[in-house]
Amino acid sequence: MGTWTWFHKLASPPHFYRIAGKMIPWFAIPAALLIVFGIYGGLVRAPADYQQGDAFRIIYVHAPSAWLSLMCYSTMAISAAVGLIWRIKLSHALAAACAPIGASFTLLALATGSLWGKPMWGTFWTWDARLTSELILFFLYLGYMALRSAFDDLTRADRASAVLALVGIVNVPIIHFSVTWWNSLHQGSTVLARGGPKMPLSMLAPLLMCFLGFTLLFAALACVRVRGEVLIRERNATWLKELGSPQ
Amino acid sequence: MQEFLNMGGYARFVWPAYGLGLVVLCWNIWSALHLHRTALERARRRAAIGEDAGQGSR
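First to last, the sequence lines map onto chains A and B. Going by the working numbering, 186 is the number at position 186 of the first sequence; the sequence numbering is gapless. Count along the second sequence starting at 1, add 1000, and that's the number in the working numbering.
Don't read these hints as lab results, they were simulated from the structure. Hints are not guaranteed to be accurate.
To be verified - One side of the interface only, derived from the structure: several residues of chain B facing chain A at Cβ under 8 Å:
#, residue
1, Gly1008
2, Ala1017
3, Leu1033
4, Leu1035
5, Ala1039
6, Leu1040
7, Arg1044
Being a predicted model, the structure only gives us computed values, none of them experimental. All C-beta atoms, glycine included, are put in the ideal place defined by N, C-alpha and C.
Based on the provided sequences and hints, a complete structural model is requested.
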């Protein structure tokens, strides 16, 4: 089977709907295991940090959510671009599916960062480059969703919101490099630091498990949501009648 | 156990952070399933109406 045949088959809504459904447990089960063991390792097994004490344990929620906020936005913007250029409905469906997930994890990254900032910096919030650019990311997600809901016509909502998603992508590298480009209160990268991770394995292993677990969780959630978005976009299609009962 | 819950004096920062994580996780699962379920119900209803009207939904 050639690449294009495979691609066209995947791009057919019923086929895509079925594949996405089959993928859910393959993402969700490892995600659940990795998150449970990662959090356990982070809260119980890892030693307290020599500078930050037990407060550093917030990293196991904070850093993976912050990673997800960026990864999710990139996925959203890329699929929006594909949808815009090649007029593929499924790409728009995926972009729309990403937005609420990304927004919620951006909020979580901001809130947990704030809870970490208070004991370490003495303040819940400061207008620092990293914090401000992450807050802008949150507003980009909100703007994207608000713009979508402003249109009655789904095709127009898809196109207009795709443009916004694309413009907003400039913020992604800004967030990532903000701690290097500007003097920031926010600590620099720990895992991707030059010369290898600046953490002992007992701290690092649970963190990596959380990173992978959150990423797979995103994939599982996106699969569920994208199925819904595909159904919303399919009007009067014969295959809708052949759908089995829910679950 | 008391020592674990105390989190070296940082309990009031660490536990709310994990609590919020749990809330966001639960909301995401509920919201995704809810979106899919409502979309499925509406799609079925549309398909049924299409049949009743004799349009042969295609």
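Hint by hint, here is what the structure shows:
1. Look at B/Gly1008: its Cβ gets to within about 4 Å of chain A, closer than 8 Å, so that hint holds up.
2. For B/Ala1017, the interface hint holds, since its Cβ comes within 8 Å of a Cβ in chain A; the closest pair sits about 4 Å apart.
3. A hinted interface residue such as B/Leu1033 counts as satisfied when its beta carbon comes closer than 8 Å to some beta carbon of chain A; here the least separation is about 6 Å, so the hint holds.
4. Annotation: interface hint on B/Leu1035 holds; nearest CB of chain A at approximately 4 Å, less than 8 Å.
5. At its closest, the beta carbon of B/Ala1039 sits 4 Å from a beta carbon of chain A; the interface hint therefore holds under the 8 Å criterion.
6. At a threshold of 8 Å, the smallest CB-CB gap from B/Leu1040 to chain A is about 6 Å, leaving the interface hint in force.
7. With its C-beta approaching chain A no nearer than about 7 Å, B/Arg1044 sits inside the 8 Å limit, and its interface hint holds.
Checked against the numbered hints listed earlier, the structure breaks none of them; every hint is satisfied.
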